[in-house]
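**Student:** Each chain is listed here by its residues.
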Amino acid sequence: MLRFDRRLALHFDWLLLLTVLVVIAMSLANLYSASYAGYPGTPPYIKQGYYYLVGFCLILAIISVDYHVLLRVNYPIYVAVIVLLIIAVVFGKTTAGAQRWIDFGFVKLQPSELAKLSVVVTFASYYCRKDTGKGFSLADLVPPALLLLVPVGLIIKQPDLGTALMLVFVFASMTLFVKIRMGTIILLVVFGLAVAPMAWKYGLKPYQRQRVETLLNPEGDPLGSGYHIMQSKIAVGSGQVLGKGYLAGTQVHLDFLPERHTDFAFSVLAEEWGFVGSVVFLACYFFMVFLGLSVAAVARDKFGVLLAFGVSALLFWQAFVNVAMVLGLLPVVGMPLPLFSYGGSSLLTNLAGVGILFNVRMRRFRAGSKS
Amino acid sequence: MRQVISRIEQVNEAELLILKKRVRFATIALLAFAAIIGIRLWYLQIIKGDDFFKSSENNRLRLHWVNAPRGMIADRLGRPLIANRPYFNVTLAREDAPNPAQVLSRLSTLLAVDVNDLLDRIREAEDYPRYVPITLKEDLDWKTLVAVENHLYDLPGIRVEVQASREYLYENLGSHLFGYLGRINEKELNEFEGEYHLNDQIGKLGLERIYETELRGEPGRRYVEVDAQGFEQREVSVLQPLPGADIKLTIDRDLQEVAEEVLDGRAGAAVMMEVNTGRLLAVVSSPPLELNEFVGGISRKAWKDMLENPLKPFINKPIQGQYPPGSTYKMSVALAGLSEGVVTNDTTFYCNGAMRFRGRNYRCWKKNGHGAVSLERALAESCDVYFYSVGMKVGVDKLAEYAKSLGLGEPTGVNLEHEKAGIIPSIAWKKKRYGQPWHEGETMSISIGQGYDSATPLQICQMTSTLVNGGIRYRPQLIEEIVDSDGKVLKTFEPIVDGHALGNAKSLDLIRKGMESAVNTPRGTSTVAKLPTILVGAKTGTAQVVRVEQYKHLKEEDIPYKYRDHAWFTCYAPAEKPEIAITVIVEHGLHGATGAGPVARKLLDYYFKEVKPRKKDTENDHVAI
Chain V
1 MLRFDRRLAL HFDWLLLLTV LVVIAMSLAN LYSASYAGYP GTPPYIKQGY YYLVGFCLIL
61 AIISVDYHVL LRVNYPIYVA VIVLLIIAVV FGKTTAGAQR WIDFGFVKLQ PSELAKLSVV
121 VTFASYYCRK DTGKGFSLAD LVPPALLLLV PVGLIIKQPD LGTALMLVFV FASMTLFVKI
181 RMGTIILLVV FGLAVAPMAW KYGLKPYQRQ RVETLLNPEG DPLGSGYHIM QSKIAVGSGQ
241 VLGKGYLAGT QVHLDFLPER HTDFAFSVLA EEWGFVGSVV FLACYFFMVF LGLSVAAVAR
301 DKFGVLLAFG VSALLFWQAF VNVAMVLGLL PVVGMPLPLF SYGGSSLLTN LAGVGILFNV
361 RMRRFRAGSK S
Chain U
1 MRQVISRIEQ VNEAELLILK KRVRFATIAL LAFAAIIGIR LWYLQIIKGD DFFKSSENNR
61 LRLHWVNAPR GMIADRLGRP LIANRPYFNV TLAREDAPNP AQVLSRLSTL LAVDVNDLLD
121 RIREAEDYPR YVPITLKEDL DWKTLVAVEN HLYDLPGIRV EVQASREYLY ENLGSHLFGY
181 LGRINEKELN EFEGEYHLND QIGKLGLERI YETELRGEPG RRYVEVDAQG FEQREVSVLQ
241 PLPGADIKLT IDRDLQEVAE EVLDGRAGAA VMMEVNTGRL LAVVSSPPLE LNEFVGGISR
301 KAWKDMLENP LKPFINKPIQ GQYPPGSTYK MSVALAGLSE GVVTNDTTFY CNGAMRFRGR
361 NYRCWKKNGH GAVSLERALA ESCDVYFYSV GMKVGVDKLA EYAKSLGLGE PTGVNLEHEK
421 AGIIPSIAWK KKRYGQPWHE GETMSISIGQ GYDSATPLQI CQMTSTLVNG GIRYRPQLIE
481 EIVDSDGKVL KTFEPIVDGH ALGNAKSLDL IRKGMESAVN TPRGTSTVAK LPTILVGAKT
541 GTAQVVRVEQ YKHLKEEDIP YKYRDHAWFT CYAPAEKPEI AITVIVEHGL HGATGAGPVA
601 RKLLDYYFKE VKPRKKDTEN DHVAI
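Respectively, the protein sequence lines represent chains V and U. The letter at position 86 of the first sequence is residue 86 when you use the numbering used here, and the numbering goes up by one with no holes. The letter at position 474 of the second sequence is residue 474 when you use the numbering used here, and the numbering goes up by one with no holes.
It is possible that part of the hints are untrue.
Claimed, not checked - List time: in silico DSS-like cross-link candidates among lysine-lysine, alpha-carbon distance up to 30 Å: (1) V/157 to V/201; (2) U/20 to V/179; (3) U/20 to V/130; (4) U/562 to U/301; (5) U/404 to U/301; (6) V/130 to U/21; (7) U/562 to V/134.
Hints listed in this document are in silico derivations from the structure and should not be mistaken for laboratory results.
Taking the hints into account, I'd like the entire structure generated from these sequences.
**Tutor:** If you want it as structure tokens, here you go:
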């Protein structure tokens with residue numbers, strides 16, 4: 001059945017692995033700092049370490065199977081994720097006012113995280129099967145839009161605006177990538193502008209609107225929803241050029257920075273390592289995305305290109321939204337920094353994505369075509 | 001599967017190439033977004049880095065002012081009268097209390113204080129930064145302190161802070177001199193911009209106020225690191241406070257105590273002065289202020305009680321009580337008469353109990369009259385007719401000149417606030433004050449210290465000193481020296497001569513003679529001050545309060561308290577070589593000799609029995625060394 005092909009190893013992307021390992025190492029060091037004092041129970045960096053181990057097993061499992069399998073199981077995966085999302089909404093564990101978790105006892109699963117990767121796989125398969133040469137018309141976009149709206153709707157219901165937006169971003173990136181007619185783009189932009197005020201008024205919950213308003217004027221409400229942004233900006237800014245030193249970030253260690261091991265993990269890094277450390281980290285990070293794009297550029301077939309591009313877009317958008325939020329450029333939405341923030345579901349999803357990148361890259365040449 | 005794959009394999013190679021090319025655009029987009037992040041990082045960390053660094057320090061560091069131990073106030077022998085002790089106060093930092101209403105209602109139960117009182121304290125401080133702790137209750141007792149400490153973790157934002165405040169070692173002794181401390185108010189905060197802080201204590205009255213700067217010292221600073229809940233993590237840096245300077249008074253604790261004891265809460269005043277230096281040995285205003293009521297903020301009720309007390313504890317009577325000097329003024333009239341050559345020692349006037357002037361009878365206090373009286377007898381027996389006569393001959397303006405040379409009619413300049421001037425009338429004064437000419441009959445009244453005349457007890461004491469020390473008018477002094485916490489003398493107060501009595505030494509000697517006779521002749525008015533071994537000179541006085549016809553024929557004891565005359569007594573000793581002068585007034589005490597005399601006598605007695613020998617002892621010690 002599975003015969004080991006020497007070329008698989010030959011075409012393994014060692015540089016991507018190295019980059020990912022560097023990011024992970026930074027993540028663990030940072031988590032250690034973000035929670036090193038007085039954290040009850042198993043410290044997050046230890047738990048995160050276990051998740052990394054599980055994640056690498058997952059990668060091994062993924063690369064051992066040809067990614068084309070996904071073409072057959074993409075819809076079952078899609079349906080399964082939808083079912084999990086429904087379960088989360090109906091029976092999910094409420095945390096901080098949002099039903100995002102399904103508690104399996106031994107592990108808590110966040111189906112919205114799985115939905116991100118499922119969207120990538122779904123649309124890679126969908127667009128792969130379509131002839132996209134001439135570019136999509138508006139009518140061509142209706143079926144994939146419906147495929148998107150089901151999970152987006154369920155995720156908004158949780159509510160988890162950040163993840164829902166992420167699905168939209170990934171979908172939009174992939175659709176633009178496979179080409180849309182210019183007329184359609186213009187039509188969509190006009191429609192979007194027309195709908196935006198309605199969405200603002202009826203689509204968003206008051207607290208979500210407030211977060212956007214807060215972004216525009218964080219000082220207006222320093223103890224309310226502006227607190228996160230202010231404290232995060234203070235943490236990042238006070239890092240200055242070289243940072244306050246590892247484990248010496250005062251914003252972190254004196255609890256001024258909330259959610260510092262999850263969504264605001266990057267603030268910790270920026271405070272302790274300064275501009276230099278932040279740039280080095282982000283360079284590694286964006287290099288990783290760049291390597292993902294290179295996988296797309298060298299993939300053997302359209303499905304491979306679309307998968308690699310989709311995974312890269314997913315990694316990129318999550319990172320961009322998270323960092324922009326931490327830096328006060330975007331409103332505060334729940335959005336972890338992939339492979340960096342604490343959180344099992346997010347980590348496993350993104351590592352699975354990285355596994356897909358390895359897989360596509362390894363199979364530039366058809367496995368077993370000639371022996 | 002193979003089918004699917006093979007179908008996809010057949011995808012137009014051109015389409016695949018186009019897609020792959022498009023990856024380049026994606027890469028460019030990636031770089032563009034990375035640049036946005038990079039620029040933002042540059043802006044936050046490099047351009048605004050300093051500001052944010054300061055913000056992060058402000059987040060983490062709280063500045064606590066540490067009040068310096070306040071200087072002590074001690075008597076002339078260095079015996080402390082006012083020291084400090086720690087008071088435990090409850091404070092609230094609003095920043096750290098997400099739900100102050102809840103915290104306050106819990107706290108009000110623990111403190112047994114009405115929650116509205118606590119809210120009032122917070123409203124007062126509304127304009128201050130939210131991290132500034134507001135004192136909610138001062139001086140917790142031990143039980144309450146323990147209860148609050150035990151609940152601190154349910155009371156976010158609440159802390160117990162220690163503050164040193166006054167401890168009055170002799171209760172209310174010298175209360176009017178020292179004044180008291182109180183929580184700084186809005187006006188004072190603005191006045192000392194930046195030097196004081198909300199909740200600070202500041203001298204409100206008396207020496208505590210006048211020497212606030214010296215007594216206060218310099219507050220220290222503590223920078224502490226706090227976490228987001230405001231709990232202290234560690235001390236980052238400390239600047240120790242500089243303790244306040246001690247004030248050494250000229251007051252002798254024992255004499256002050258004796259005077260207060262003898263006055264026993266009656267409304268009045270007692271002043272004791274060294275005649276040759278102006279140093280004050282005792283300055284009593286009675287009744288005293290209840291100093292302990294002021295510690296930790298006086299309650300509305302206690303304040304009201306003090307304000308409404310008919311004995312007027314808030315008036316500092318030695319310097320603010322203005323009473324007609326009565327017969328104590330006769331020395332001044334005598335000085336004017338002798339010095340102006342109107343009378344000599346041998347001049348006599350005949351007293352038949354009254355003097356008639358322009359159809360009106362001006363009475364002598366002795367209904368049947370003194371007969372022919374000379375100066376010495378006139379002073380000793382306080383004959384009014386004699387002084388009517390002298391006064392009329394000298395005239396109002398000359399009388400005023402002499403009185404002013406003795407320090408009357410002007411504040412003495414003692415180091416206390418709100419001292420009153422008293423009144424010594426002149427023709428010009430009346431013109432200016434009432435726009436009316438002087439009536440000669442008025443000269444009669446003022447010649448015996450009634451009418452427009454008024455003086456403070458301190459002035460009368462200064463006058464007595466000046467008359468008996470050869471005519472040198474020393475400024476009354478309260479403070480001997482100010483000593484810093486290391487024992488270094490910052491300031492020494494030397495005697496200050498403010499002027500000289502008009503007239504000659506001979507006149508002064510004759511007046512002293514008259515005052516001696518007042519004590520030592522059988523018919524003298526001041527025999528109460530007679531001591532077995534020490535020769536004393538004295539003069540009584542009666543300050544008429546009001547002439548109410550309906551009480552005229554009553555026995556004095558039956559006149560309602562508030563219409564009774566004030567009793568003066570002023571004296572000096574030893575007569576041969578005067579050292580001290582004592583002036584006492586007892587409000588509504590009726591007669592100088594009976595109302596005020598015993599207080600003066602007690603002080604004289606104590607001074608010569610206890611204080612003076614003690615002084616000699618220490619002098620001998622010095623010689624022995």
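**Student:** Give a verdict on every hint.
**Tutor:** Hints versus structure:
| no. | hint | result |
| --- | --- | --- |
| 1 | V/157 to V/201 | holds (16 Å) |
| 2 | U/20 to V/179 | holds (12 Å) |
| 3 | U/20 to V/130 | holds (17 Å) |
| 4 | U/562 to U/301 | holds (25 Å) |
| 5 | U/404 to U/301 | violated (43 Å) |
| 6 | V/130 to U/21 | holds (19 Å) |
| 7 | U/562 to V/134 | violated (114 Å) |
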